[in-house]
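Novice: Going down the list, the protein sequences come from chains A and B.
All residue numbers for the first sequence refer to my numbering, where the first residue is 997 and numbers rise by one.
All residue numbers for the second sequence refer to my numbering, where the first residue is 12 and numbers rise by one.
Heads up, some of the hints might be wrong.
Some chain B residues judged to face chain A by a derived CB distance under 8 angstroms, without partners named [unchecked claim]:
| no. | residue |
| --- | --- |
| 1 | G38 |
| 2 | Q84 |
| 3 | Y89 |
| 4 | M100 |
| 5 | P157 |
| 6 | C279 |
One side only, chain A facing chain B, incomplete, derived with CB under 10 angstroms [unchecked claim]:
| no. | residue |
| --- | --- |
| 7 | A1000 |
| 8 | A1003 |
| 9 | R1008 |
| 10 | K1011 |
| 11 | I1015 |
| 12 | A1018 |
| 13 | L1092 |
| 14 | R1095 |
| 15 | Y1100 |
| 16 | L1101 |
| 17 | R1256 |
| 18 | L1260 |
Here are the simulated distance ranges between beta carbons [said to hold, decoys possible]:
| no. | chain 1 | residue 1 | chain 2 | residue 2 | range |
| --- | --- | --- | --- | --- | --- |
| 19 | B | S167 | A | L1240 | 47 to 57 angstroms |
| 20 | B | D131 | A | I1153 | 45 to 55 angstroms |
| 21 | A | Q1182 | B | E98 | 13 to 23 angstroms |
| 22 | A | S1014 | B | N79 | 35 to 45 angstroms |
| 23 | B | R215 | A | Q1182 | 28 to 38 angstroms |
| 24 | B | N79 | A | S1243 | 46 to 56 angstroms |
| 25 | A | Q1182 | B | E34 | 31 to 41 angstroms |
Calculated from the structure, these hints are not laboratory results.
We put the beta carbon where it would ideally sit given N, CA and C, even for glycine.
Now for the letters of each chain:
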Amino acid sequence: MNKALFASTMLRTYKLFSIFTALILFYLIVIISMFSSSAESDPFEMLPEAMRDAFGMGEGMSGLTGFIATGFYGVTFVLFMIILCIIAANQLMASLVDRGSMAYLLATPVSRSKVAVTQASVLIAGLFGLVLVSTLAGIAAVPVLIENADFNRSAFIQINIMGFLLFFVISGYAFLFSSLFNDAKQSLVASGGLSAAFYLFQMLSNMSENLEWLDYLTVLTLFQPTEIAAGEADIWPNAIGLGLAGSLLYALAVYIFKRRDLPL
Amino acid sequence: MIQLNRLTKTFKNGRGIFGLTFEVKRGEVFGFLGPNGAGKSTTIRHLMGFMKPHSGNAKINGIDCWKNSADIQRNVGYLPGEIAFPEGMNGLQFLNLIAGMRRIKDNGMSDRLIERLQFDAGTPIRKMSKGMKQKVGIVAAFMHDPAVLILDEPTSGLDPLMQNLFIQLVLEAKEKGKTVIMSSHSFDEINRTCDRAGIIKDGRIVAVEDVQRLQAMQRKVFDLTLGAKRDIDSLRESNLEIIQEDGLRVKVAMQGKYDDFIRTLSVCNVTNMDIHAQKLEDIFMHYYDRKVNEG
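Just need the whole structure built from these sequences, with the hints factored in.
Specialist: Spelled out as structure tokens, the structure:
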């Protein structure tokens, strides 16, 4: 880790993280305020059943927490975070190599691994900050927006922790591709393609029982907001698995970046 | 100070650098010449530790450039051939970043350089002209007063005044005993700064030569317009090498021996005179061809 580089990279990327934090907060608050406990109504009822299944909304809602888990963490949160991870990871490594400005960073006594670790720290810190802010905002917003809410705060926090760990892994492979390719476009295509495939697998598996085996091919399976809200999930195995996978991906990214030829 | 020892790197397309061996001594300014794509940048990338050699090695101050790439940077100042700074910063923020990464506390050197190069470092980088970016790069390369300077096409994008100033900076570094390797296309630049120059062609060093000796080898072509036919006759009677005649215009090539030329011309009526100096690369190529032919 290099402090000067960390501060400078933070200064150049905080805008991106801020925009996504604002978007995510906006959607979270809108979803919370859409909940009306009296009617137990489901605003997603109007969607065709197949579509609800695809988005993982088939489980039904268990109170406000389940409503937020399905309505926000099931789709919107995941999509925004995937996009953020891909853009941010690409900016932090591949685009510096592609444009050539990495040459200036490596022309200092800061080693390649330190540069990579620092850039990775900015990504992880940004994602963590975003999830932390939206967790706190969610907890603060519920009593203001909903009277007598039946809100399971601990489940909500667990959902956010698991969400962060999921994107620790997704940002991990995005960062790996970003460290691997000389061309920023290739890095974007690789991490975008893999993420799209993961998302598609999850949708298909939700839609048809015959395709449920696709669950094993996507990392998104390990994030189960609805089950956590319903109190049906044992989060520890998934949390440990995601934590290990993410650490491994980041470590591999640093290792590869340290050893490869750079066209600077 | 800088040693290349059979440095070899082959790319998939068959190009690369092959068995480069040469040495730049402490306190020496070494010019590095060659056509585009000959391997100059590839060589410099190895010196900076950006690429891993297939065989052989590059060393600066006895330290391997690939294995200990971070260590060599302590004493090296680098000016890349292509100027690309991280986005979304101004010049000063960029220079502070580099100073921070180098743990430089005193930015006196950096301030003095900005003063001398006369530019507003607070300008956002995306609004800077090519020449201005080059100046930021020069400050970044010199700010820590490094013992070794690696400069890739340092004066491209600078106006003649700034080119002169840059040459001044290199000469000052030389006076302070710094070791410099610079690639360049400008004869004037190499001529005024370098002790020796090496030329690379198709990934191989074809010659390493004293710049002064090269200078003596430089052919100059004088493009003369004479007053009358008989002036041409007196030129013909002399020992001068006439390479082209067109009415009253005559082209004379020479290499040293300017006295004869001036004596001959003193009896002629010369209405116009242009001088074309041979390019440094051409001298090298010429020299190389001759060596091959003699060899």
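Novice: None of the hints should be skipped; say for each whether it holds.
Specialist: Consistency of the hints with the structure:
With a cut of 8 angstroms, the hint placing G38/B at the interface with chain A is violated, because the nearest CB-to-CB distance is about 22 angstroms. With 8 angstroms as the threshold, the beta carbon of Q84/B comes within range of chain A, its nearest partner Cβ sitting at about 5 angstroms, so the hint holds. For the restraint placing Y89/B at the interface with chain A, the shortest Cβ-Cβ distance is roughly 4 angstroms, inside the 8 angstroms limit, so the hint holds. A distance limit of 8 angstroms between C-beta atoms decides the matter here; for M100/B the minimum to chain A is near 7 angstroms, and the interface restraint holds.
Of the supplied interface hints, the one on P157/B is violated, with its beta-carbon coming no nearer than about 10 angstroms to a beta-carbon of chain A, more than 8 angstroms. About 55 angstroms separates the beta-carbon of C279/B from the nearest beta-carbon of chain A, more than 8 angstroms, and the hint is not met. Hint on A1000/A holds. Least Cβ distance to chain B is approximately 3 angstroms, under the 10 angstroms limit. Hint status for A1003/A: holds, given a least beta-carbon distance of 8 angstroms to chain B, under 10 angstroms.
Checking R1008/A against chain B by beta carbon gives a least distance of about 5 angstroms; that is within 10 angstroms, so the hint holds. The restraint placing K1011/A at the interface with chain B holds, with a minimum CB-CB distance near 8 angstroms, inside the 10 angstroms limit. The beta carbon of I1015/A comes no nearer than 14 angstroms to any beta carbon in chain B, farther than 10 angstroms, and the hint placing it at the interface is violated. Interface restraint check: A1018/A against chain B, minimum CB-CB distance 19 angstroms, threshold 10 angstroms, status violated.
Interface hint status for L1092/A: upheld, as the beta-carbon distance to the closest one in chain B is roughly 7 angstroms, under 10 angstroms. A distance limit of 10 angstroms between C-beta atoms decides the matter here; for R1095/A the minimum to chain B is near 5 angstroms, and the interface restraint holds. Evaluation of the Y1100/A hint against chain B yields a held restraint, the C-beta minimum of about 6 angstroms falling below 10 angstroms. Look at L1101/A: its Cβ gets to within about 7 angstroms of chain B, closer than 10 angstroms, so that hint holds up.
At a threshold of 10 angstroms, the smallest CB-CB gap from R1256/A to chain B is about 8 angstroms, leaving the interface hint in force. Interface restraint check for L1260/A: the shortest CB-CB distance to chain B comes to about 5 angstroms, inside 10 angstroms, so the restraint holds. Restraint check, S167/B to L1240/A: a C-beta distance of roughly 49 angstroms satisfies the suggested window 47 to 57 angstroms. Taking 45 to 55 angstroms as the suggested C-beta distance range, the pair D131/B and I1153/A conforms, at roughly 50 angstroms.
Distance hint for Q1182/A and E98/B: a CB-CB separation of about 19 angstroms, consistent with the stated range 13 to 23 angstroms. The beta-carbon spacing between S1014/A and N79/B, approximately 39 angstroms, falls within the hinted interval of 35 to 45 angstroms. A hinted range of 28 to 38 angstroms holds for the C-beta pair R215/B and Q1182/A, which are about 32 angstroms apart. Evaluation of the 46 to 56 angstroms hint for N79/B and S1243/A yields a failure: the beta carbon distance comes to about 27 angstroms.
One distance hint, 31 to 41 angstroms for the beta-carbon pair Q1182/A and E34/B, holds here, with the actual separation near 39 angstroms.
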